[in-house]
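Chemist: Now for the letters of each chain:
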Amino acid sequence: MSETITIDARGMKCPRPIIELAKARRQSQSGATIVITADDLAFESDVKAWCETTGNTLAGLCRQGDTITATIRLE
Amino acid sequence: MMQTRGNACTPLEEAEATYRRIERLEEEVEQLRHEIDSCLGHKMASLVCFSGEWDRLFAAFTIANGLLASGYEVHMFFTFWGATALRKPGSFNPKNKSLMQKALSLMLPDRVEKAPLSKMNFAGMGKIMLGKLMKQKGVESIEALMNEARDLGVHFHLCDTSLSLFGWDSGELIDAERSDWCGVMTFLSLAEKSRIVLFI
Numbered sequence: 001m002s003e004t005i006t007i008d009a010r011g012m013k014c015p016r017p018i019i020e021l022a023k024a025r026r027q028s029q030s031g032a033t034i035v036i037t038a039d040d041l042a043f044e045s046d047v048k049a050w051c052e053t054t055g056n057t058l059a060g061l062c063r064q065g066d067t068i069t070a071t072i073r074l075e
Numbered sequence: 001m002m003q004t005r006g007n008a009c010t011p012l013e014e015a016e017a018t019y020r021r022i023e024r025l026e027e028e029v030e031q032l033r034h035e036i037d038s039c040l041g042h043k044m045a046s047l048v049c050f051s052g053e054w055d056r057l058f059a060a061f062t063i064a065n066g067l068l069a070s071g072y073e074v075h076m077f078f079t080f081w082g083a084t085a086l087r088k089p090g091s092f093n094p095k096n097k098s099l100m101q102k103a104l105s106l107m108l109p110d111r112v113e114k115a116p117l118s119k120m121n122f123a124g125m126g127k128i129m130l131g132k133l134m135k136q137k138g139v140e141s142i143e144a145l146m147n148e149a150r151d152l153g154v155h156f157h158l159c160d161t162s163l164s165l166f167g168w169d170s171g172e173l174i175d176a177e178r179s180d181w182c183g184v185m186t187f188l189s190l191a192e193k194s195r196i197v198l199f200i
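Residue numbers (our numbering), protein chains in the order written: chain A, 1 to 75; chain B, 1 to 200.
Simulated from the structure, these hints should not be mistaken for lab results. Note that the Cβ used here is the ideal one computed from N, Cα and C, for glycine as well. Heads up, some of the hints might be wrong.
[Said to hold, decoys possible] Just the calculated beta-carbon pair ranges, DEER-fashion:
no. : chain 1 : residue 1 : chain 2 : residue 2 : range
1   : B       : 36        : A       : 49        : 48 to 58 Å
2   : B       : 143       : A       : 39        : 16 to 26 Å
3   : A       : 71        : B       : 104       : 47 to 57 Å
[Stated by the list, open to error] With a straight-line cut-off of 25 Å between C-alpha atoms, the simulated DSS-like cross-links for lysine-lysine are:
no. : chain 1 : residue 1 : chain 2 : residue 2
4   : A       : 23        : B       : 135
5   : A       : 23        : B       : 43
6   : B       : 137       : A       : 48
7   : A       : 13        : B       : 127
8   : A       : 48        : A       : 13
9   : B       : 132       : A       : 13
10  : A       : 13        : B       : 137
11  : B       : 132       : A       : 48
[To be verified] Only some residues are given here: those of chain A computed to face chain B with a beta carbon under 10 Å:
no. : residue
12  : 22
13  : 48
14  : 49
15  : 54
16  : 61
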């Protein structure tokens, strides 16, 4: 089974959630999954852009109130 | 019957000439392909930090972090007032400085956190208010962003001319030993290869 990394980026502002995401990616193998939760409004748009520019897959994005949870599969 | 022209070529010579031409074109295509790959294949960005104002530097370091997080190789060029961002706090050394250089060094902020705002600074009051708001909202300090960029492997380039104007030596600058002391051509050669070039 491939590994899953969970990041709690709540309370963090741009660009911190994306930096944390990038750091987790550096430490993981391809095929791994990252689940990151953030409440920065910019994160929803930024995580899509990050996946696009880095070539990773945004497997899921869900929003509950102010909290955004993104599931990213690393390529 | 074959037609004769001014410079008569045998069909074999003509074929050879065409073949050589094709070979030359193939070489050119290969070279162009290589150039395109070197431009597009590598994610690289060059940022000129010209302004020494806190808000503009904040933007520069935010963008640098975003780029680093997206896998870019990031080159930041510090020139003119932007060079103040890299001053090492409390490292002012009056040695080998003219009177004007000493005055400039004392008037300019000696750490990035102390830089003034480009607007509504109001002798520092505006900045204090903004700083409070940023803390409330959980926005990071510019020094934290700068350190993060250094950890993520940003490349610092220092404008040698600016630094010689201010008279700052490597002991008075952050990361001086890891930085490249350079001129405009270094910037241009990296900018040429960069997908993103910003002047801040």
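Chemist: All hints are to be evaluated individually against the structure, with a verdict given for each.
Modeler: Verification of the hints:
no.	hint	in the structure
1	B:36 / A:49: 48 to 58 Å	24 Å, violated
2	B:143 / A:39: 16 to 26 Å	24 Å, holds
3	A:71 / B:104: 47 to 57 Å	53 Å, holds
4	A:23 / B:135	24 Å, holds
5	A:23 / B:43	18 Å, holds
6	B:137 / A:48	23 Å, holds
7	A:13 / B:127	19 Å, holds
8	A:48 / A:13	16 Å, holds
9	B:132 / A:13	15 Å, holds
10	A:13 / B:137	8 Å, holds
11	B:132 / A:48	31 Å, violated
12	22	4 Å, holds
13	48	12 Å, violated
14	49	8 Å, holds
15	54	5 Å, holds
16	61	18 Å, violated
Of the hints listed earlier, those the structure fails to meet are numbers 1, 11, 13, 16, in rising order.
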